[in-house]
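K.L.:
Assemble the whole structure, with the sequences as input and the hints as a guide.
So the chains spell out like this:
Protein chains: 2
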Amino acid sequence: MKAIFYHAGCPVCVSAEHELLAMIDSAKVDIESVHLGERREAIEEAEAAGVRSVPALLLDNGNVLHINHGASMADVKKV
Amino acid sequence: MKAIFYHAGCPVCVSAEHELLAMIDSAKVDIESVHLGERREAIEEAEAAGVRSVPALLLDNGNVLHINHGASMADVKKV
Chain R
0 MKAIFYHAGC
10 PVCVSAEHEL
20 LAMIDSAKVD
30 IESVHLGERR
40 EAIEEAEAAG
50 VRSVPALLLD
60 NGNVLHINHG
70 ASMADVKKV
Chain U
0 MKAIFYHAGC
10 PVCVSAEHEL
20 LAMIDSAKVD
30 IESVHLGERR
40 EAIEEAEAAG
50 VRSVPALLLD
60 NGNVLHINHG
70 ASMADVKKV
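As you go down the protein sequences, you meet chains R and U in turn. For the first sequence, counting from 1, position 38 maps to 37 in numbering that gives the first Met the number 0; every step adds exactly one. For the second sequence, counting from 1, position 48 maps to 47 in numbering that gives the first Met the number 0; every step adds exactly one.
It should be emphasised that the hints constitute simulated quantities derived from the structure, not laboratory data. Heads up, a few of these hints could be off.
Derived Cβ-Cβ restraints for the label pairs, each shown as a range [stated by the list, open to error]:
# : chain 1 : residue 1 : chain 2 : residue 2 : range
1 : U       : Arg38     : R       : Lys77     : 40 to 48 Å
2 : R       : Val13     : U       : Leu20     : 18 to 26 Å
3 : U       : Glu43     : R       : Glu43     : 42 to 50 Å
For every residue, glycine included, the Cβ atom is placed at its ideal position computed from N, Cα and C.
P.N.:
Structural data, given as structure tokens:
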């Protein structure tokens, strides 16, 4: 199973990433971490996948788990 | 490591619970699931721990991961 963790480097994002990684079974889930501030070309693909705010975890069944609230996608575009 | 998944039986909660449980390493994390609609006495303890909406995962370091948004705690009290 593959999942993409989208974030923007904000403290809420970093904290959520550490906590998720500590819990997730790396034998079952292959997580890619994408920093939208550094990879701005990925913003459009993230939005198309349903990411409304970061941090968020996009699952390979198409569902998005939005975790806490670091920044809206509108804010990410201003970074 | 122990974590408590608070929910109110809503579709957003049930979906998030299934997806988290599929990813989490049960050898590392012992997850208790608490349905606040059925265990109303736990609402106060959840709020005191910082749960603002459900579904949410309370970690044993005291942090709360709010996942998507099923219902605010104000709504849970009206259930």
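K.L.:
List in ascending order the numbers of the hints, as given earlier, that are violated by the structure.
P.N.:
none
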